Amino acid sequence: MKPPRFSYHDPATVEEALGLLAAHGDAARVLAGGQSLMPMLNFRLARPGHVIDVNRVAALATVSPGPDGGLRIGALVRQRTLERSPLIGERCPMIGQAMPFVGHPQIRTRGTLGGSLAHADPAAELPAVMVALGARLTLRSARGQRTVAAEDFFVAALTTALAPDELLTEVALPPWPARTGSSVQEVAIRLGDFALGGVAAALTLDAQGRVAGARVVCFGVGPRPLRAAAAERSLVGGAPSAAALAEAGRLAGAAVDPSDDIHASGAYRKRLAGVLTTRALAASLASAAAHAA
Amino acid sequence: MTETRAISLIVNGRPRGATVEMRTTLVDFLREQLRLTGTHVGCEQGACGACTVLVDGEPVRGCLLLAVQADGARVETVEGLAPDLEHLTPLQAEFVRHHGVQCGFCTGGILMSLTASLRDNPRPTEAEIRDTLAGHLCRCTGYQGMVDAVLALVAAAEPAR
Amino acid sequence: MTAPASRPAAARRPAGGYIGAPIPRREDARLLTGRGTFVDDLEMPGVAHAAMVRSPHAHARVRRIDTEAARALPGVLAIVTAEDIADIQKPWPARMPSPVPGTSVRHGVRHTLPVAKVRHAGEVVAVVVAESRALAEDARDLVEVEYEVLPVVATAAAALAPGASLVYEELGDNIAAHIIQRVGHPERAFASADHTLRETFRVMRGGSHSMEGRAVVARYDEALDSFTVWDATQAPHAIRAILAYLFDLPEHRVRVIAPPDVGGGLGPKTSFYPEEALVCWLARRLRRPVKWIEDRLEHFMSAAQEREQVHTIEIAFTRDGALLALRDVFTHDVGMYGALIAPVITACTVPGPYRVPNIHSEFRAAYTNLPPTAAVRGAGRPQGVLVMERMMDRMAETLGLDPAEARFRNLIPADAFPYPVGMVFRDGAPLTYDSGDYPELLRRALEIADYPRARREQAELRAQGRHRGIGVAICVEGVGLGPFEGAILRLDSRGRVVVTSGAPPQGQGYQTAFAQIAADMVGVRFEDVDVVTGDTGAIPYGIGSFASRVTANAGPAIALAGGELRQKILAVAAHLLEAAAADLEIADGAVHVRGLPDRGVPLAQVARLGNGGVAFGMVMPGGLQVGLEASAYFAPSQAGYSASAHVCILDVDPDTGEVAIVRYVVGHDCGNVINPLIVEGQILGGVAHGLSNALYEEAFYDSEGQNLASSFLDYPLPSAREMPRIEMFHLTTPSPINPLGVKGAGEAGTLPVPAAVAGAVEDALRPFGVRVNRMPLNPARISDLIHRA
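Residue numbers (the numbering used here), protein chains in the order written: chain U, 1 to 293; chain P, 1001 to 1161; chain H, 2001 to 2789.
What the hints contain is simulated information worked out from the structure, not anything from laboratory work. This one's a predicted model, so the numbers in the text were calculated from it and none came from an experiment. For each residue, glycine too, the CB sits at the ideal point set by N, CA and C. Keep in mind that a hint or two might mislead.
As the list claims (entries may be wrong) - In silico negatives: residues of chain P with every beta carbon more than 10 angstroms from chain H: (1) Ile-1007; (2) Ser-1008; (3) Ala-1047; (4) Pro-1124; (5) Pro-1159.
To be verified - Ranges of calculated distance between the beta carbons of each label pair, as one might list FRET restraints: (6) P:Asp-1084 x H:Gly-2020: 28 to 38 angstroms; (7) U:Ile-262 x H:Asp-2194: 55 to 65 angstroms; (8) U:Ile-262 x H:Glu-2083: 51 to 61 angstroms; (9) H:Ala-2660 x U:Ala-246: 19 to 29 angstroms; (10) P:Glu-1128 x H:Gly-2020: 47 to 57 angstroms; (11) P:Gln-1033 x H:Gly-2537: 26 to 36 angstroms; (12) U:Ala-163 x P:Gln-1033: 49 to 59 angstroms; (13) P:Glu-1126 x H:Leu-2713: 23 to 33 angstroms; (14) U:Arg-5 x H:Lys-2090: 33 to 43 angstroms.
Excised from the complex, chain U in its bound form (with noise of 0.2 angstroms):
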């Protein structure tokens, strides 16, 4: 199938691609990677009167250290520089542990971070790490700008916080805390395909070993992800025993609430998030304790 017309612009800075926004709003689509939006207007699935290419506002696609010793990554930032950036894999590990689960190399190529993040599918990677990191996201429009924690800004499947005229410009990420192990855990039909189920969580020790944080967030499992927050509250100020993982496993697993489709029972869903709570957290107490040095 071949797309529909539409008007297309290629602002090179962000206030042009914010005008564009304020002018056309609910008629506009933003096209970052494609990956997603392409397919759509290939398959005549959106018709937007206009198209706004943001691939040519160098502005979104940096990498820089936050003020405060996190990260701050520009919404145009490929996911191929998520895998292979060595300043992303020293401050945030669990990007590059998530990545070999989205998509393809080739689709990796084009495909952004502020894309992945704004197409909110269920299924999908990066928006369970951006909640489970405690991103915050920057949107701007012509009215002004504002910041959104990661857990607010995925409202419900394919639905963002995002208003009509607004852009997601840049996701900042705290600071990776000491002793702290992260690891994203998916089942797929096939490697790169949208998740049965996943999990993302991290782990973090005080210097006796015990539990000092905590995040678990399943994916895959709802229209949105969801921090399994009676998990990880069961496991700050105890020991990481193989119990209390498992116990953790079994908190995340009663926490959602997942539905039938055509390729899995909500049943199976919901115990394949006990089961990758468990083992995500048994991998991430294994990193904190390599990176506990």
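Given chain U, work out where chains P and H should sit, using these hints.
This is chains P and H only, laid out in the frame that chain U set:
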């Protein structure tokens, strides 16, 4: 509504200029306007990889890029690999030797992905080869001939001990 | 990086000839350099582009089609509906009678565009032609169709239920065929057996998903009132016949050409489709070539496919594990149209390589409001293999036997050929296995898989709480189907042998394999042979490339014609050399007297004389027949039977349901092999398709006949990363049916894979009591099986 735009780009080392509709994808532009039909269209959603070309050295889905987005870019397609039928590249020659082609529809995209990944990593393991090929679908060959072709290429490049 | 590497050296004639040699393919250079000639690659000046308006409803009457707004769009050249094409709206001819005597197929009558109602979601109701595909789709968006939606039957079971909505009113019910075949006295055998077992299996397959979809361009020549149709079809002569019928033209005014490159066929490109007639009609109306290129969504929606069979199968056996009887009753979803190929083949595949003295085989094929069906690589055989192999495993379990041992106790021995099964095959001939050595095939597969060690490892791993499984499957495959295929061989003015055959390739390497046969039989060099395929204008009769039939039909035809051509060449050369033909030999592009290499004539010179090239007005030398050409149509007396044995060793993660294949061994017997490289490639490709049917792809439709998995995101196919390395060996039991001793190999890889994988998964999960009765599997299904067991 502005419907068309003039673009100029380098395709297989040659400067090319054309006027394209905004909505025309890169692969349709290459095939229909430049008559470079060695790259094929298989799914128009980025899943099958038949449309893979190199843009500024990186493998991309030609069906998911607008031609206007390739303005000023350096594009490489399968036609640019070998100078002619008599002089196949070592990779192509190994594909022949190991029966890596059957109907040939997916072949152009696969050669481009392999070309890019071999530039980055000239001595991939079998697992790495299969990772590169993970973004390509072939319904004819079962892929084993292609994998063996690349392994043979790697082995042939090993200096004799 | 681009050091000039030469094209592979000219194939040297190995001792014994080209037949049997792993000669690299000549097709490859053009395909690797982007010079392939697929339909959409062909230059067609002035071509206009068609887009099909398709019904979103699975069953509906078309009340009104409003094309006014669509017509007004600039660049739109025509929009046609059923009324416009009234002159070709004849009912399509029925394709296939029932091959089983005493039974019949009830044909649903359809037309190019629906006259009464649409019968599947995706059926074409109108066509838009414009200057570009994008413009045609813009106009398509503006076409308004008013439908009166009707009730839908979306499974065979629903279609066969009393009171079901009818797909074809005139039939009175939805039964396309109800075919029973019986051998011996099954009821008696069941009544007196030591043991009987009964199971129900559901098997869902899917589409072809050749990487190139359907594609067709039609050109109309006004002066000759004729069509030239470039069509990515597997059966050009069949397409020609139907077009000629619809357009009331003699066949010689319809030329259908499958271009040298077709991007995979796998079955569905054998069928005739409305789009082929429509582009012809439009080309004639517009006096411009008209092209239609199927996109992937259209392939999902409207290309023929295979879907579900539901089998209830029973076996009776002695306490020593000898099969006494088999009863298999199944339903088959035909869709709104389709030949009954697949279910007939399924029925004939079930008995497999085993001695089964009593058989009751029965199926009902039902029309449904789903896309048409055809054979998809495997053609109903994987389903038959699955149910029988699962029962062999269950029998083994019942008796406490090793599954391989249970099979050995029933395999037809090597000295029992030709072996009559007692049923009628889909070609109407008695199902008689021509040759084979099933015990050796299985034995060697197990040996290569190191089966005893694999069982020991399994026990050790089980003790560690790991779930390893081993699945074994062995099967027989009817191949080489008739009625015939032909070949015309000529020596042309350049001294080259030109082989023309009707069967077109879609990747099988006929340009190489046919040249190998011709070179050996005529006695010329491989590089002096050209091959022309798939053109109804070049050879008058042909059937097509499907059913693993071409090597066993076209191969012998080429061989026979080649031998005849050689004699003609020698007769003309004998005249030129004033020698006896018996003293001549052909070498290095010339004919010379044996032992006297200097006394020879180039083949080009032989051709000049032999093809009537004496000087104008002169007399043709007496005794010479004009024309260095020979043609042969080989009609096999029956189908041949290849065999395969697979061993699958895999691990299952019981917590996630994921499967990891540890080893996969394939043994294959397709009789004599023309080109081992090509045959191996066919097997490997088939195994990938079979693995896809086992663990990946699955067609899903809801009760309204809507396709729920209509893109590759929901319909996964395995990539190289999903494929295990396949270990393969060959056995050769030549076929007595044709002079080359060849059988067929194109589909073989697909047949036993679902059975081997199902067996291995069930074996791995035996501690949980899991039963695999439904295919395909995926991690979720496997996990659910564990939790339900």
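For which of the previously enumerated hints does the structure constitute a violation, in increasing order of number?
The structure breaks hints 3, 7, 8, 10, 12; every other hint is satisfied.
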